[in-house]
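For the sequence shown, the positions run 1 to 356 when UniProt numbering is used.
For the record, the hints were derived by calculation from the structure and aren't laboratory data. A couple of the hints might just be wrong.
With a straight-line Cα cutoff of 30 Å, these simulated BS3-like cross-link-like pairs (lysine-lysine) come out [stated by the list, open to error]:
#, residue 1, residue 2
1, Lys333, Lys345
2, Lys71, Lys335
3, Lys341, Lys321
4, Lys232, Lys277
5, Lys277, Lys341
6, Lys268, Lys321
7, Lys349, Lys335
8, Lys299, Lys321
9, Lys281, Lys349
10, Lys53, Lys71
11, Lys281, Lys335
Beta-carbon label-pair distances, calculated as ranges [claimed, not checked]:
#, residue 1, residue 2, range
12, Phe322, Val21, 54 to 62 Å
13, Pro92, Arg59, 28 to 36 Å
14, Thr250, Glu22, 41 to 49 Å
For glycine and all other residues, C-beta sits at the position ideal for the given N, C-alpha and C.
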Amino acid sequence: MTPTFDKIHLKFKLNGNSYNVEDLNEVAYSLVKEGAPYEKVMGDFLMDWLDAKDYINVRTSGSTGKPKLMKVSKQAMVNSAIATGNYFNMEPGQKALLCLPTHYIAGKMMLVRAMVLGLELDFVDPTSQPVFDYGQTYDFCAMIPLQLKNTVDYIYNIKTLIIGGATISQPLEDAIQGLETKIFATYGMTETVSHVAVKAMNGEHRMKYFTVFPDVSISQDGRGCLVIDAPKVALEQLVTTDVVNIHSPTEFELIGRADNIINSGGVKLFPEQIEAKLAGKIKERFIIASQLDVDLGEKLILVVESDKNTVDNSAFADLDKFEVPKDIYNIPKFKETATGKIQRKDTLKLLGKNIH
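Construct the entire structure; sequences and hints are all you get.
Structure representation (structure tokens):
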């Protein structure tokens, strides 16, 4: 029988303590009134989860537009938790670590997984370099790439780690090879109630493509963008702006966002692909963008998070001739979301100059 959102698994623990619904409500109230800022947010979510409504309001991250509030079915969140639990063979009583902020769906889902699957969940301050008990073995954890980068030497006690919120860079992917921790990139969004596909990034089962969960179907629209049918977590078919190559009914490869495509002299260029080639060759954060051009329509440019240009032309050695930036611009500080993702459009607005 499928669990329902109004029940809490008997083996659920939060920071070592067992709670029923009534006790957890008191804990949530205490977190809101007396907790640190990140604990207040967690308390608010727990109180919302434990109320009589069958939905909660979730804020999108704002990485591709302005953050917005969405109504998300609690049962859809339960279904998502079960799908993750089934994929990773999670068992009641296993230990999990929450080091993500619970403002957004990824952090909220760690709590839901624990309550639904009966996990023993420890939570810590969700900083960019979370500090946790390095002597404690954790069966499951979720991080963003920046957290993984900053704790890569300390995750030996985490058995399975999922990474979301942004792309894992090539240097970071290289750094996790050889680790015993099984690390997976995830694909999903608020609309799909966290992830609906995963990709093993290290170890003998390393994957080339994302693999969707059972009960998830994928296709493409006329732009080549991914279309997701996931009836257990989303009532309607979801048409994304992610251009993909579909390699099988359950596997797809991310190419880039349709709204980021640059048409330069008739050549279609994906910033994400060029950024991947440049990863590790430019020490500062950077993005590939375009500027209106009389001859090319759009010309490719590089925008670097720096006060001055320090990029050497040798960084472009592996790029095709159409991929080499025509100009380089500098911005002292990029705009970003609360989870550290670069907000491309807002960052480029700082430059003006018909740049997009």
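Each hint tested on the structure:
Between the alpha carbons of lysine 333 and lysine 345 the distance comes to roughly 14 Å, so the proposed pair stays at or under 30 Å and holds. Our distance criterion of 30 Å between C-alpha atoms is met by lysine 71 and lysine 335, whose separation comes to about 27 Å. This hinted pair checks out: lysine 341 and lysine 321 have alpha carbons roughly 29 Å apart, not beyond 30 Å. For the proposed pair lysine 232 and lysine 277, the alpha carbon gap of about 37 Å is over 30 Å, so the pair is violated.
Taking the CA atoms of lysine 277 and lysine 341, the gap is about 19 Å. The hint holds against a cut of 30 Å. In summary, the hint linking lysine 268 to lysine 321 is supported, as the alpha carbons are separated by about 13 Å, within the 30 Å threshold. At roughly 10 Å between alpha-carbon atoms, lysine 349 and lysine 335 fall within 30 Å of each other, so this suggested pair holds. Taking the CA atoms of lysine 299 and lysine 321, the gap is about 12 Å. The hint holds against a cut of 30 Å.
Proposed proximity of lysine 281 and lysine 349 is supported: the alpha carbons are some 25 Å apart, at most 30 Å. For the hint pairing lysine 53 with lysine 71, the CA-to-CA distance comes to about 11 Å; that is within 30 Å, so the pair holds. Proximity of lysine 281 to lysine 335 is assessed by CA-CA distance (about 22 Å); at most 30 Å being required, the pair is judged to hold. A beta carbon spacing of about 59 Å between phenylalanine 322 and valine 21 agrees with the range 54 to 62 Å that was offered as a hint.
As the Cβ distance of proline 92 to arginine 59 is approximately 30 Å, the hint placing it in 28 to 36 Å holds. For threonine 250 and glutamate 22, the Cβ-Cβ distance of about 42 Å falls inside the hinted range of 41 to 49 Å, so the restraint holds.
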